[in-house]
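Visitor: Next come the chains, spelled out residue by residue.
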Amino acid sequence: MTSRRVPLLPLLSSLLLPAAVAMVFFYAPTERTMGVVQKIFYFHLSLAAVAFLSFFVACVAGVLYLVRRERRWDAWGAAGVEVGVVFTTLVLVTGSLWGRPIWNTWWTWDPRLTTSLILWFIYTACLILRSAVENETRRATYAAVMAIAGFVDVPVVFLSARLFRSIHPTVIRSDSVGLEPAMIVTLVVCMAAMLVFWAALVRLRYGLHLQEAVVGDLERRLGES
Amino acid sequence: MSRAWFLYRKDLRIELRKKESGASMTFFGALVLVILNVAQGPGRRLTPETAAGVLWVAVIFSAVLGLGRVFARERENGCISALLVSPASPGTVFAAKACVNLTLMILSQAVLVPVFFVLFGTGLTGGPLALVPSLLLVDAGFSAAGTLLSAVSAGTRRNEVLLPILLFPLILPLVALAVKATGSALAGRALAERLPLLEPLAAFGLIYAAAGYLLFPFVVREG
Amino acid sequence: MTKQTFVVLAYMAIWGGLSLYVVGLARRQTRLARQIQALGERLGRGEE
Chain A
1 MTSRRVPLLP LLSSLLLPAA VAMVFFYAPT ERTMGVVQKI FYFHLSLAAV AFLSFFVACV
61 AGVLYLVRRE RRWDAWGAAG VEVGVVFTTL VLVTGSLWGR PIWNTWWTWD PRLTTSLILW
121 FIYTACLILR SAVENETRRA TYAAVMAIAG FVDVPVVFLS ARLFRSIHPT VIRSDSVGLE
181 PAMIVTLVVC MAAMLVFWAA LVRLRYGLHL QEAVVGDLER RLGES
Chain B
1 MSRAWFLYRK DLRIELRKKE SGASMTFFGA LVLVILNVAQ GPGRRLTPET AAGVLWVAVI
61 FSAVLGLGRV FARERENGCI SALLVSPASP GTVFAAKACV NLTLMILSQA VLVPVFFVLF
121 GTGLTGGPLA LVPSLLLVDA GFSAAGTLLS AVSAGTRRNE VLLPILLFPL ILPLVALAVK
181 ATGSALAGRA LAERLPLLEP LAAFGLIYAA AGYLLFPFVV REG
Chain C
1 MTKQTFVVLA YMAIWGGLSL YVVGLARRQT RLARQIQALG ERLGRGEE
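Those sequence lines, one after another, are chains A, B and C.
Take the first sequence: its position 164, counted from the start at 1, is 164 in my numbering, and no numbers get skipped.
Take the second sequence: its position 40, counted from the start at 1, is 40 in my numbering, and no numbers get skipped.
Take the third sequence: its position 48, counted from the start at 1, is 48 in my numbering, and no numbers get skipped.
Hint data in this document are derived by calculation from the structure and do not stem from the laboratory.
There's no promise every hint is true.
If the Cβ cut is set under 10 Å, some of the chain A residues that face chain C in the computed set are [unchecked claim]:
1. Val24
2. Ile40
3. Thr94
4. Phe197
5. Ala199
Computed from a predicted model, the values in this text were never measured in an experiment.
Positions of the beta carbon are idealized from the N, C-alpha and C atoms, including for glycine.
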């Protein structure tokens, strides 16, 4: 394992994240119609992208676990689901805080919002499922199945969310904002910073899962001896 | 194929003889309808969309009740291991179970939909037959996803609580579309108008039939 | 509430939430490390 080199990712993200925040407030121009509220957008979008990425990781790890039956794939899956749920929670919170001043409502059934909300429910259910099974291999299998079953739902969720809205009159234009170059640069930096931070978090959570498994092993050996 | 048919007939015969799942599903669904009718207050009419929502709440809640039983029984009797050593492949078992669930849902809806029209029918233009396409499609998707997840939840300590928690988030898009489709059916619109809503329902059914067929073997082997 | 309030709230939510999560993970890690050490010692003593 390469866990000796771990500090690289946390160090990099501790440099990049403050830089990204500074860029959002001092480099990126203030948007004309939305004003200062638009500054939420940079991290909102980065969080959303990274959250989706972690669910994807969980799905891939689930497939690999079912094929290979190795503990580390379960650990990656657990890390992906948990970090993804944390990030999606933040996406929903920041989305709400953005929507309130701009759209004058805390919540709207916009396709993207709906998709994030449903994904949040699916993967939180996945966390609950994990806590409900004692046996390790059984827990890993069930969690893998649930992660895969949740991810294949995504196309249907997105399609249905769009159909669900499209019949209602669209009061709200979604964020089809023409971005200035300086905004795009800021966005890219934010995304990169968030990606590095996310990788560090997932790695940390992965290590934790392996430690938990080691504790389980030791306890079992103690029980035998 | 003939093995799936055999398993299907066996399970269905047990269900119908014991009248356990089917009867309690229907009873509970009717109960939900009555509660919602009481909550609505006397002499008030619902718009087609709200009425569709009422119907789907009753259908979903009653269906999840029956779903849990089909697997819990196999596990209580230790039949899962017997099924695993039998010549039927786990995928076949999945297909048979899903079809049993589908049949039970259709049977209970054959009662629930008339009850719904008795309680909420005044002022609705569309009749029960207009609901059939969306009901059947949702039933198919629901029983495919539900059979897979009921196998999962049957292996946990909190079976009855866990099944709806796992299943409802997955079928949320299904219900959203079904409510829309049913609402327009109840408003008396033509089937062609609802087709774009019905297609994703069919896609959901196909996706979960495939996912269930592939994933189910892993789940039952853990039993 | 002014627009600035929402921005401040959102950034507080993001960084507050993330740092809470990181702190939680770090605490879990130290607890697990301690647990592993204790269990290892008990195992070692048992084998002697």
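Visitor: Provide an ascending list of the numbers of those earlier hints which the structure does not satisfy.
Guide: 5
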